[in-house]
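Participant: One-letter residues, chain by chain:
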Amino acid sequence: MPRISDSDGGHCRPEGMSAAQLAPPDDASLVQAVLAGDVDAYGALVDRYAAEYMRFAVRMLGTVEDADEVLHTAFYRAYQHLGSCQDPTRYGAWLYRIVVNECRTRASRRGRRERRLVRDEAALARLAANDRADGQFALREELQRAIDQLPVESREAFVLKYVEELSYEEMSEITGAGISALKMRTKRACERLREILEDDRDA
Amino acid sequence: MRDTDRSDHETAPDEHDDAFAERIAAPLRAAERPNPLLAARVVTALRASKRRESAPSPVALLADRRSSTPATQPAPARRRAWWQAKLTIGVAPLAGLAAAACLVVALVLVGKRPGAATDGRVAAAPPAMTRVDTVQLVRFIFVATDARSVALVGDFNGWDRSAVRLTRSGTGGVWSATVRLPAGRHEYAFLVDGERWVADPNAPSSIEDEFGVESSVVTVDPARTTSSSRT
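So the sequence lines, in the order shown, correspond to chains A and B.
Convert by adding 952 to the 1-based position in the first sequence; the result is the number in this note's numbering.
Convert by adding 286 to the 1-based position in the second sequence; the result is the number in this note's numbering.
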């Protein structure tokens, strides 16, 4: 495919193609294609949003394997209910609710994870300082074990608020909970995390 | 203690909480990469599901008069009435349609077992092996005098807005459709004029509202296994 300089000299694109043709299809276009019977178009949606929501699923469930399973279930169910997505332009937010619910359901069924030693804050700070570029891994593992011990609702609120950095309004839309309740849950999550760290320091 | 009984500083994170949470959360913001095969697996599963849905129905197979399972214990032959009606009628005002009353009637019609007599005569054919009635017909009736279209949308048709359109009979605003449902729990709602979702006011509400649609639940009883004694 010949590369032709555009008039601004900064972009090259195949001859005859406009910028609009090069842009990836938006969510609404993909949703409409899926509803028209194009199952492959759904694969594009999965790719797009699996990357968006994988982190949340891992933080909620603790392992990549569990997160992978839950995302698979969430995407499958979302496809089955795609006709009820009232605004395809907001497919991402609609899907987020499904992912959050699936994670909550799975986490509730699994119960509390086996408690593992979590170092105190000072030790965590040393871990952070000593970790090499590829191994904030150790620190993440420690912190993951700490949030694994939170009750599901508190964990969910903590992850959405502080890890995913959503506003309380966004959290309310996704979880269906009121803003006051969400603030309470994040407050309790912080209190509980302090207890977890102090308990292990004292142990 | 209710959330509202506590003062603000006890019910919401303060600055110290935020600073503490930031130290915990910052490392946890590292990206987690999904399995690169996830999309392919989902699409494969969806295609397999579609193939299963388009497979010949068990009713069609039973029409060949092949027995599916041997009788495990002899039981007296049971004759069914051709249809067995279970009628639930509820009337409730429908918000936004001042002139319309909303009725939803679910009739569960149990399908006729192939080969069974229905008028009291003993079938001349050899007694059948154990058969399972698999046809479960559910009739939905919706009354809305001012509606232009009503669709039945649920998990049994993939929430497809165009899959089941109710048919209006007469001029009284009675819309109806009969659908075949497998045994189990099903969520559904009515879509009026292509834009307004209406749950069945006389059916249990779905507790799963994660899709943003207020829906109802219908539970179809498992078909009874019928068998006839060997001669």
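Keep in mind that the hints were calculated from the coordinates and are not lab data.
Yeah, the Cβ is synthetic: ideal placement off N, Cα and C, and Gly gets one too.
Hints are supplied without guarantee of correctness; some may be wrong.
Distance windows between CB atoms, simulated [stated by the list, open to error]: (1) A/Q984 - B/D304: 36 to 44 angstroms; (2) A/D992 - B/T464: 30 to 38 angstroms; (3) B/S335 - A/R1042: 38 to 46 angstroms; (4) A/E1121 - B/P468: 38 to 46 angstroms; (5) A/D978 - B/D300: 47 to 55 angstroms; (6) A/E1117 - B/A463: 26 to 34 angstroms; (7) B/D304 - A/P1103: 29 to 37 angstroms; (8) A/G1044 - B/A331: 18 to 26 angstroms; (9) A/S981 - B/P322: 36 to 44 angstroms; (10) A/E1122 - B/R309: 36 to 44 angstroms; (11) A/T1041 - B/S448: 16 to 24 angstroms; (12) A/E1150 - B/R333: 48 to 56 angstroms.
Participant: Against each hint, give a clear statement of whether it holds in the structure.
Facilitator: How the hints compare with the structure:
A hinted range of 36 to 44 angstroms for the beta carbons of A/Q984 and B/D304 is consistent with their spacing of about 42 angstroms. A hinted range of 30 to 38 angstroms for the beta carbons of A/D992 and B/T464 is consistent with their spacing of about 34 angstroms. About 26 angstroms separates the C-beta atoms of B/S335 and A/R1042, a value inconsistent with the hinted range of 38 to 46 angstroms. Taken as a hint, the range 38 to 46 angstroms holds for the pair A/E1121 and B/P468, whose Cβ atoms sit roughly 41 angstroms apart.
Take A/D978 and B/D300: their Cβ atoms lie about 40 angstroms apart, and the range 47 to 55 angstroms is violated. A C-beta distance of roughly 46 angstroms is found between A/E1117 and B/A463, which places it outside the suggested range of 26 to 34 angstroms. Our hint of 29 to 37 angstroms for B/D304 and A/P1103 is violated, since their Cβ atoms are close to 20 angstroms apart. One distance hint, 18 to 26 angstroms for the beta-carbon pair A/G1044 and B/A331, holds here, with the actual separation near 21 angstroms.
Distance hint check: the CB atoms of A/S981 and B/P322 are about 23 angstroms apart, inconsistent with the given range 36 to 44 angstroms. At about 23 angstroms, the CB distance of A/E1122 to B/R309 disagrees with the hint of 36 to 44 angstroms. At about 20 angstroms, the beta-carbon gap between A/T1041 and B/S448 stays in the expected band of 16 to 24 angstroms. About 52 angstroms separates the C-beta atoms of A/E1150 and B/R333, a value consistent with the hinted range of 48 to 56 angstroms.
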